[in-house]
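Going down the list, the sequences are from chains A and B.
My numbering applies: residue 7 is where the first sequence begins, and numbers increase by one.
My numbering applies: residue 7 is where the second sequence begins, and numbers increase by one.
Source of the hints: derived by calculation from the structure; they are not laboratory data.
Mixed in with the good hints there might be a few duds.
Copies of the same chain look alike in the list, so a pair counts if it fits in one copy or across any two.
Claimed, not checked - With a Cα cut of at most 25 Å, we get these calculated DMTMM-like pairs of lysine to aspartate or glutamate: (1) LYS106 with ASP225; (2) LYS379 with ASP319; (3) LYS11 with GLU448; (4) LYS359 with GLU416; (5) LYS64 with GLU332.
Spelled out, the chains give:
Number of protein chains: 2
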Amino acid sequence: MADQKLPTRAEDFSEWYNQIVLRAELADYAPVRGCMIVRPYGWALWENIQQALDRRFKATGHVNAAFPLLIPRSFIEKEQSHVAGFSPELAVVTIGGGEKLEEPLVIRPTSETIIGYAYAKWIQSYRDLPVLINQWNSVVRWELRTKLFLRTLEFFWQEGHTAHATFDEAEAETRQMLEIYADFAINEAAVPVIAGRKSASERFAGADQTYSIEAMMGDGKALQAGTSHNLGQNFAKAFNIRYLDRDGVLQFCWTTSWGLSTRFVGAIIMVHGDDQGLILPPRLAPTQVVIVPIYKTDEEKTQVFDAARKMRDALIAAGVRVRTDEREGTSPGFKFNDWEMRGVPLRIEIGPKDLAKGSVVLARRDKPGKEGKSFQPQQGLPAAVSTILEDIQAALLTRARNFRDANTKEPKNYEEFKAAVETGFAWAFWCGSPDCEAKIKEETKATVRCIPLAQTESSGTCILCGQRSTEKGIFGRAY
Amino acid sequence: MADQKLPTRAEDFSEWYNQIVLRAELADYAPVRGCMIVRPYGWALWENIQQALDRRFKATGHVNAAFPLLIPRSFIEKEQSHVAGFSPELAVVTIGGGEKLEEPLVIRPTSETIIGYAYAKWIQSYRDLPVLINQWNSVVRWELRTKLFLRTLEFFWQEGHTAHATFDEAEAETRQMLEIYADFAINEAAVPVIAGRKSASERFAGADQTYSIEAMMGDGKALQAGTSHNLGQNFAKAFNIRYLDRDGVLQFCWTTSWGLSTRFVGAIIMVHGDDQGLILPPRLAPTQVVIVPIYKTDEEKTQVFDAARKMRDALIAAGVRVRTDEREGTSPGFKFNDWEMRGVPLRIEIGPKDLAKGSVVLARRDKPGKEGKSFQPQQGLPAAVSTILEDIQAALLTRARNFRDANTKEPKNYEEFKAAVETGFAWAFWCGSPDCEAKIKEETKATVRCIPLAQTESSGTCILCGQRSTEKGIFGRAY
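For reference, chain A alone in the conformation it holds in the complex (with noise of 0.2 Å):
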């Protein structure tokens, strides 16, 4: 496979994906259809990704828990959208130990129902509230077409999930948590996205109203980065989760559920992601900078040797994630290709012309060739390293940003809409009727991605029927 040409992004932008997954040794396919392994670097990406969701939780008064995979089949009956939006997509496990299950088990597909279970337990007055837990963990949902890290039988996430005294908490907090997520990925992942509601039929499955970040891939479709769900009283009644008010009356909980997952990974690749192969955005890079030795004679080796250590453990002291490249027998040629394949932002070479005018050669890895090149004094490089990594953090966004808002289109008519939609995204007026959001989709692929917070115009009318409407919405193809 190595040997093979990765395709380009325009001759075929889905397989370009897949060898970069396999190639960079993100992930890998487990020996169950639609299972993913995530490889070791596809993993310490996760990692940084969710210390970066889990510091920002944990400053808004979350905490983590670890509720089981195993769900009573009867559970997922209780809430009435749930069982429907679910039910198809169940893993059963119908033997345990040996013998077969007097109520057959599903492994999570989400874990609002037990959850459910616990706070009906847990909570009793209105001091037990708002109760604010997240858990790290996999689910396990059936689905048919699957592609690593965008759509997979298991897939890794959390689930936050709260409970409150009062409608307008519960609202409040599924707001707090998409400004979150979309604070995460344009500030992390360098990712811009679009935050907004979500129309009535892509809700999530037992929802009053969801709330998601969309971002923009390479090839103009949109991903779905992150939902957050205000629940209403909905679990909270077909689990009984009540308190006691401040004048001894028992009333409902407001719940709310949020989640964001290693479909991540995928938006990244897919964002960044150039020719070469992957490009991480610095702040959650695993390897922020490799430093790549070069040399012919073994006293060079032995001296280049040297200086790329010291110069890795003074980049370690500030704080930097840095790696040599010490693999023999491969050229630095090779290396140089096989890490901006792995989509390290920064490389540094150092040979033995380096050493002698006590400088390095830095090559940017958003800027392919001479233009993101440049020498460096050795002498300060941890400090020229960090501002360099900033500016690179930086320049993917704009980037992102700028091909998004390129391929974004205020389509005037349907025509102009259906133009739009082939390339990118329509912003457009929507009069909410699922009506038109069902022809749309129908006609051309795209659907209502969000209606986003932000809105500019009061008033216009419906791209489609024409009628009168208050909101504009972001349509686009969709992963």
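Using the hints, position chain B against chain A.
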């Protein structure tokens, strides 16, 4: 339940344990028999355990990854001892997406098989070795008699899986991980453990050699608290994990696996807890210090809260995990008991008199009553607190070690042996025969917990049969 009296350890150790787990809100029962919900306080403890271990794993070159939880049933059958050991404990998925599966899938009881499959794909040459991967996840084993943290259908753990070019390297890895577990147990959890080799009958299903760390609980029983396995070439042969050596010859790899689970939380509870509740070692405690404000009037409350929060912020800045208990409507006495039950290592009491004197009262959890109380100037408090926390950490280890040593006997004959294992450990020569091992177990309910790596004498006679023996074992009744 909160009104019920906590039984003393002497009255009913098992019930004391159960109630501590529930009352301290470490965990709760799940709706599925034998499963466990790890509540936020218990999970925060586990997160600290994870960090302490993960740091050690990464410092020794290991990386994390994630393998799927669903394994084809046929995989389990590829390694002969493995299938014999795990078949009776499997949870089997027979339905996916509404349809009966052609091949049933099992939820991983452990991941040697699926990782063996992956390593066979990934490893080609000696250049690819060693492979040093760990994963944090949960596994399912259909246990019949369950107890929160100690034995549950689903439990949380880490499982390390490595592949090497030679037996010696695999054995060195197996021993290194055992040492890491022992170092963690002793220096982070203040749990003195004995590191040793398991007898053949207690080996992991598929291992050539199993090592473990064994700890003595507060009732004198043993708990296996972590295991490390040298798997020889068993899994390499079952899954065809081979590499081309430097001479171009195809060789089977040598593999290892090692794991430590949420069972360790049970060890911490049973080693350190007392009749008032939990006692957590400061290095792992989610909350190391709780500040309880004492006041009567509103004016006092304002002043005391203000001082308490400043103190909290100063302690946070010094790296101490601290919280103030600002609950309304509960007395200081209630709060003292509550935090004692939850095992917070150090309490700070601050009231108007303390404010006037510029001091606070410190109360150590490990020394009840006056013995553990001291006055401390508010000036320089963070440094004093850090010192006391270190002192508590050391005192807990000393106390646990003294308890274990006092309850470990070196019996001269079988009668003394039988008496010793009634209340603790017996440290005795054993000929190594499975017959003696089985007879001892039948007659005394004690098993050889491990054959300690540190042996003090080179020969003696078997405690049961009197035959010449070269090694002493640690015997005890086990959880």
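Hint by hint, here is what the structure shows:
| no. | hint | verdict |
| --- | --- | --- |
| 1 | LYS106 with ASP225 | neither (48 Å within a copy, 37 Å between copies) |
| 2 | LYS379 with ASP319 | within (23 Å within a copy, 46 Å between copies) |
| 3 | LYS11 with GLU448 | neither (36 Å within a copy, 66 Å between copies) |
| 4 | LYS359 with GLU416 | neither (54 Å within a copy, 69 Å between copies) |
| 5 | LYS64 with GLU332 | between (39 Å within a copy, 19 Å between copies) |
Going down the numbered hints, you'll see the structure goes against 1, 3, 4, while the others check out.
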